[in-house]
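Asker: Residue-level listing of the chains:
2 protein chains.
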Amino acid sequence: MSSTNRFEVIGVPGLPLIEAGDDLVDLILTQFRALGNSFQSGDTICLAQKIVSKSEGRRVLLADVIPSEEARTLATETDKDPRLVELILSESSELLRKKPGVLIMRHRLGLVGAHAGVDQSNIGHEDGECALLLPVDPDASARKFRDEVATRLGVQVGVIITDSANRPWRLGTIGVAIGAAGITVLDDHRGGNDMYGRELKVTLINRADAIASAATLVMGETTEQMPVAVIRGLPLVVGDAEEQTAAMINRPLDEDLFR
Amino acid sequence: MSSTNRFEVIGVPGLPLIEAGDDLVDLILTQFRALGNSFQSGDTICLAQKIVSKSEGRRVLLADVIPSEEARTLATETDKDPRLVELILSESSELLRKKPGVLIMRHRLGLVGAHAGVDQSNIGHEDGECALLLPVDPDASARKFRDEVATRLGVQVGVIITDSANRPWRLGTIGVAIGAAGITVLDDHRGGNDMYGRELKVTLINRADAIASAATLVMGETTEQMPVAVIRGLPLVVGDAEEQTAAMINRPLDEDLFR
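Line by line, the protein sequences give chains E and Y. In terms of my numbering, the first sequence is residues 1 to 259. In terms of my numbering, the second sequence is residues 1 to 259.
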């Protein structure tokens with residue numbers, strides 16, 4: 001059995017604004033304890049990409065960015081700031097689509113979406129206009145958080161680094177997992193039988209993205225300052241699957257029908 | 001404030017197999033009560049598409065399907081049963097991509113995905129090989145369920161009809177909302193400010209798909225027979241938004257960059 005009958009999603013409000021070098025485990029745990037709770041073995045801790053990127057110093061001053069010729073041309077075509085386009089290109093492996101205001105990119109991590117995760121909302125601009133990049137290696141960031149919780153508390157948790165993603169045919173963002181550690185990311189039922197004994201052909205379930213989406217239902221998108229959610233009651237690892245990374249989610253390029 | 005601090009996802013196990021004409025409200029409520037629970041005002045009831053389709057008699061005997069010339073040609077190209085291809089074409093408005101074993105279609109409801117929702121798993125085939133189609137109008141099905149709960153119990157619930165969907169660049173299915181009633185489907189923060197007072201440009205949150213994904217984490221995909229999940233603790237309607245339908249999720253055709 002790979003399912004559970006019930007689980008809970010618990011937001012962690014009241015965290016301070018995160019800055020480069022901050023100890024996320026310590027800050028989150030301190031606040032969660034102040035709320036009368038703590039991490040438990042089996043919890044999956046969901047961290048908004050934004051606080052992970054900030055703590056890892058991925059904030060870039062636009063004044064420090066020198067746009068290439070390619071970036072300037074693309075910026076004119078899409079009516080965007082050439083310095084932002086330079087950052088987007090430097091974070092990406094492929095441009096998939098463009099139109100005024102929009103660049104659909106394949107990020108070097110394999111993620112396909114608007115603007116390669118380069119974002120200007122909910123970051124400070126006191127010292128000049130800024131942008132925030134995705135973590136260099138979100139799976140490693142998740143693993144590090146997981147290992148530090150194990151070392152400091154002696155409890156085994158799963159960790160997901162969540163981001164908001166658009167999709168080509170559906171309006172509105174959903175949560176996706178861009179980093180993961182300690183959990184089954186893809187739950188593979190292929191080759192199993194359905195409840196009438198008929199072979200299941202295509203049932204590979206993306207648990208990590210579903211958990212990220214559940215987390216975003218309590219995470220704030222604007223001023224709510226709730227960049228952390230704890231999932232309690234879901235198994236970390238299901239069936240005979242293993243712990244996996246979010247990098248495994250990327251569909252191989254040779255199976256991409258929409259390049 | 002449009003967020004909540006915590007919510008719970010409760011699976012409803014032990015339902016009987018659903019057949020055409022079954023009273024879903026009665027069957028689910030009876031079973032949920034047998035488990036010591038009941039629907040409460042503010043709950044969002046998530047129903048797997050499969051049980052809604054079955055109760056609405058959307059099961060088709062393949063022996064009754066006569067493939068058109070177009071269906072036979074496409075079946076040969078993609079190595080599929082011509083009768084299934086006929087059903088897929090009859091449910092669709094547009095073929096987006098094809099390769100052996102795969103047809104990516106735009107369903108007449110606007111949903112883009114493999115095989116227009118025509119599925120052969122977890123349905124009975126005692127009287128010959130069968131396929132199950134999506135409900136004719138899933139938003140209306142959700143509305144009907146919601147209204148019947150209000151009439152019979154006097155409680156106001158939200159309803160989502162969930163399906164599993166693939167995405168072009170990410171492996172593994174997630175839950176999506178193909179029908180909805182009584183909830184805010186798209187939570188619009190566009191035009192608001194971020195926590196530093198900067199205007200938010202693109203934050204439209206798809207709550208319905210996120211709730212559907214949360215629900216699928218307890219819903220079974222194979223033999224678990226858990227086609228219903230109750231979300232408790234999330235507001236039905238957020239901010240100054242209204243009740244919406246799942247049809248609103250479809251990105252307008254003229255904004256589709258990946259046709």
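Where hints are given, some of them may not hold.
Capping the alpha-carbon separation at 16 Å, the derived lysine to aspartate or glutamate pairs in EDC-like fashion look like this [to be verified]:
1. E:98 with Y:254
2. Y:99 with E:77
3. Y:98 with Y:127
4. E:99 with Y:79
5. E:99 with Y:26
6. Y:98 with E:70
7. Y:80 with Y:69
8. E:98 with E:126
9. Y:99 with Y:129
10. Y:144 with Y:254
11. Y:98 with E:255
12. E:144 with E:129
13. E:99 with Y:69
14. Y:99 with E:255
15. Y:99 with E:254
16. E:98 with Y:26
17. Y:99 with Y:127
18. E:98 with E:70
19. Y:98 with E:254
20. E:99 with E:81
21. E:98 with Y:240
Partial list, computed: chain Y residues near chain E (C-beta under 8 Å) [to be verified]:
22. 5
23. 6
24. 10
25. 13
26. 15
27. 16
28. 32
29. 33
30. 60
31. 95
32. 99
33. 174
34. 209
35. 235
36. 237
37. 238
Treat the hints as calculated values from the structure; they're not laboratory data. Beta carbons are placed, not taken as given, at the ideal position from N, Cα and C, and that holds for glycine.
Asker: A separate judgement is required for each hint: does it hold in the structure or not?
Answerer: Hint-by-hint comparison with the structure:
{"no.": "1", "hint": "E:98 with Y:254", "verdict": "holds (14 Å)"}
{"no.": "2", "hint": "Y:99 with E:77", "verdict": "violated (34 Å)"}
{"no.": "3", "hint": "Y:98 with Y:127", "verdict": "violated (31 Å)"}
{"no.": "4", "hint": "E:99 with Y:79", "verdict": "violated (37 Å)"}
{"no.": "5", "hint": "E:99 with Y:26", "verdict": "violated (50 Å)"}
{"no.": "6", "hint": "Y:98 with E:70", "verdict": "violated (34 Å)"}
{"no.": "7", "hint": "Y:80 with Y:69", "verdict": "holds (14 Å)"}
{"no.": "8", "hint": "E:98 with E:126", "verdict": "violated (31 Å)"}
{"no.": "9", "hint": "Y:99 with Y:129", "verdict": "violated (24 Å)"}
{"no.": "10", "hint": "Y:144 with Y:254", "verdict": "violated (32 Å)"}
{"no.": "11", "hint": "Y:98 with E:255", "verdict": "holds (12 Å)"}
{"no.": "12", "hint": "E:144 with E:129", "verdict": "violated (30 Å)"}
{"no.": "13", "hint": "E:99 with Y:69", "verdict": "violated (39 Å)"}
{"no.": "14", "hint": "Y:99 with E:255", "verdict": "holds (10 Å)"}
{"no.": "15", "hint": "Y:99 with E:254", "verdict": "holds (12 Å)"}
{"no.": "16", "hint": "E:98 with Y:26", "verdict": "violated (50 Å)"}
{"no.": "17", "hint": "Y:99 with Y:127", "verdict": "violated (31 Å)"}
{"no.": "18", "hint": "E:98 with E:70", "verdict": "holds (14 Å)"}
{"no.": "19", "hint": "Y:98 with E:254", "verdict": "holds (14 Å)"}
{"no.": "20", "hint": "E:99 with E:81", "verdict": "holds (14 Å)"}
{"no.": "21", "hint": "E:98 with Y:240", "verdict": "violated (33 Å)"}
{"no.": "22", "hint": "5", "verdict": "holds (5 Å)"}
{"no.": "23", "hint": "6", "verdict": "holds (5 Å)"}
{"no.": "24", "hint": "10", "verdict": "holds (5 Å)"}
{"no.": "25", "hint": "13", "verdict": "holds (6 Å)"}
{"no.": "26", "hint": "15", "verdict": "violated (12 Å)"}
{"no.": "27", "hint": "16", "verdict": "violated (12 Å)"}
{"no.": "28", "hint": "32", "verdict": "violated (12 Å)"}
{"no.": "29", "hint": "33", "verdict": "violated (16 Å)"}
{"no.": "30", "hint": "60", "verdict": "violated (16 Å)"}
{"no.": "31", "hint": "95", "verdict": "violated (12 Å)"}
{"no.": "32", "hint": "99", "verdict": "holds (7 Å)"}
{"no.": "33", "hint": "174", "verdict": "holds (5 Å)"}
{"no.": "34", "hint": "209", "verdict": "holds (5 Å)"}
{"no.": "35", "hint": "235", "verdict": "violated (10 Å)"}
{"no.": "36", "hint": "237", "verdict": "violated (14 Å)"}
{"no.": "37", "hint": "238", "verdict": "violated (10 Å)"}
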